[in-house]
Amino acid sequence: MENFTNETIDTTQLPRFEEVEFSVLHPSYWKVTLINTFFFFLILAIGLGLLLFFNQGLLVFLVEISIAFFLFFFTFLTLSRISFKKKGFAFRTHDVLYRYGIIATNTVVIPYNRVQHVALHEGFISRFFGLANIEVFTAGGSSSDIQIPGIEIEQAENIKQLLMGKIQKQL
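Under this note's numbering, the first residue of the sequence shown is numbered 1, with each subsequent residue one higher.
No false leads were mixed into what you were given.
Listed next, the in silico EDC-like pairs over lysine to aspartate or glutamate satisfying Cα-Cα at most 16 Å (straight line): (1) Lys160 x Asp95; (2) Lys86 x Glu21; (3) Lys85 x Glu21; (4) Lys166 x Asp95; (5) Lys86 x Glu18; (6) Lys87 x Glu21; (7) Lys87 x Glu135; (8) Lys160 x Glu135; (9) Lys169 x Asp95; (10) Lys160 x Asp145; (11) Lys160 x Glu122; (12) Lys31 x Glu122; (13) Lys87 x Glu18; (14) Lys31 x Glu152.
Calculated directly from the structure, the hints in this document are not laboratory data.
Given only the sequences and the hints, what does the whole structure look like? Please build it.
Shown next as structure tokens:
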């Protein structure tokens, strides 16, 4: 029978994810974000315009509604830009890291031995710019644990192959 031991780990010697150099999203992904934002707000503006057209009583508030709409639009754009600049990803020997956040920066670390499935998605606008998203799934969830947007398609395919290779080695 083997003797059980439970030694204390020196946490100062553990590798620190904060020191990892993250890869940034492709610069063209900002264009994708802008186009998606434009279409979202265009649909919102059309809906607001139809509401104002069919409800004449709201025309009194047209200036206030317009100011609020444009403030919301520019606030959304500013927060999207900050979010874009903070996102990053890294692949290390034993895990994948994804950093995101606006006010608080979050870092997700997933060891390769927990990865169950990897998906590569190309949206309509992203495909036009040659970009894709990588989704990494772990056991026990129906949605992806990490979704890394704004990666060149060739690089995304290489990342998918790397992760699939890591999965195969685990089996």
